[in-house]
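> These protein sequence lines map, in sequence, to chains A and B. Heads up: the first sequence is residues 1 to 114, going by the numbering used here. Heads up: the second sequence is residues 1001 to 1115, going by the numbering used here.
These are computed hints drawn from the structure, not numbers from a lab. Treat the numbers as computed from the prediction; the structure is a model and nothing was measured. By construction, the Cβ of each residue, glycine as well, lies at the ideal position given by its N, Cα and C atoms. There may be inaccurate statements among the hints.
Residues on chain B that point at chain A, a partial pick, calculated with CB under 7 Å [as the list claims (entries may be wrong)]:
(1) F1042
(2) L1043
(3) N1102
(4) E1103
(5) G1107
(6) P1108
(7) G1109
Distance windows between CB atoms, simulated [stated by the list, open to error]:
(8) A/S28 x B/G1084: 28 to 38 Å
(9) B/Y1010 x A/S28: 38 to 48 Å
(10) A/R61 x B/N1079: 27 to 37 Å
(11) A/V111 x B/F1042: 14 to 24 Å
(12) A/S28 x B/K1040: 26 to 36 Å
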Amino acid sequence: GENVEQHPSTLSVQEGDSAVIKCTYSDSASNYFPWYKQELGKGPQLIIDIRSNVGEKKDQRIAVTLNKTAKHFSLHITETQPEDSAVYFCAAKPSLCGNNRLAFGKGNQVVVIP
Amino acid sequence: DTAVSQTPKYLVTQMGNDKSIKCEQNLGHDTMYWYKQDSKKFLKIMFSYNNKELIINETVPNRFSPKSPDKAHLNLHINSLELGDSAVYFCASSQAHGAGGNEQYFGPGTRLTVT
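Can you make the complete structure from the sequences, with help from the hints?
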């Protein structure tokens, strides 16, 4: 099955700096890669996703890049703000899996220091 | 107007009891899920239903029994609760097919504490 790993487990950045979280996946057939943000006491919220036919996608201050050859994808947050502090999860969906199952990474704690 | 809702938000109970968590989604999705998030924040899928039919059943003790009365609801019943069941349980939903079929939307979670 698909195995997704996230690095680093904790990331502290100064407000205004950029944050990058990287995930690797094992199944080359995976074709969908979402990122979720989980704030304290809340459920994971889908913030951006990318499909395997695209190399990069941006939405305001966040962007995701995908390298299918190396089997890794990254979340980039620019001009970080205190409200970006949260746990971020990456996930991957194998295309051969017809039941919409997502394989999640273990999460990254991002702390934005004011 | 919450897209995926769960009740209760907090549940404190004693070992050996039986409890249920309810989930409802008003997104018109065909597929619903239950996840367990442990103290280390790891999200583990437990079950998935597509249009009231079970399609994912991970290695979960059979004390856990999901029930889907219709495609907008997926409830989770837990018998003989154990200390290790303490966790946050999330319900999620997605479309079964189409361009949006991969996007899962999560509820706010139910924090279960077994004492």
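> Does the closest beta carbon of chain A sit nearer than 7 Å to the beta carbon of B/E1103?
Interface hint status for B/E1103: holds (6 Å vs cutoff 7 Å).
> Given a cut of 7 Å on the nearest C-beta pair, is the interface hint for B/G1109 held or broken against chain A?
5 Å, holds
> Taking 14 to 24 Å as the hint, is the beta-carbon distance of A/V111 and B/F1042 inside that range?
19 Å, holds
> Quick check on B/G1107 please, does its C-beta sit within 7 Å of some C-beta on chain A?
5 Å, holds
> So the hint says 38 to 48 Å: do the beta-carbon atoms of B/Y1010 and A/S28 match that?
42 Å, holds
> Confirm or reject the claim that A/S28 and B/K1040 have a C-beta distance inside 26 to 36 Å.
At roughly 28 Å between Cβ atoms, B/K1040 and A/S28 fall inside 26 to 36 Å, so the hint holds.
> Given the range 27 to 37 Å, decide if the beta-carbon distance of A/R61 to B/N1079 lies inside it.
With a Cβ separation near 46 Å, A/R61 and B/N1079 fall outside 27 to 37 Å, so the hint is violated.
> If you take the shortest Cβ to Cβ gap from B/P1108 to chain A, is it below 7 Å?
With a minimum Cβ separation of about 5 Å from chain A (threshold 7 Å), the hint on B/P1108 holds.
> At a threshold of 7 Å, is the proposed contact between B/L1043 and chain A supported by beta-carbon distances?
Since the shortest Cβ distance to chain A is 5 Å, the answer is holds.
> With 7 Å as the cut and Cβ atoms as the points, is B/N1102 at the interface with chain A?
B/N1102 check passes; min Cβ-Cβ to chain A is 4 Å, inside 7 Å.
> With 28 to 38 Å as the target window, see if A/S28 and B/G1084 comply at their CB atoms.
35 Å, holds
> When the nearest CB of chain A is found for B/F1042, is that gap smaller than 7 Å?
Given a least distance of 5 Å, the restraint on B/F1042 holds.
The structure is inconsistent with hint 10 alone, although it conforms to all the rest.
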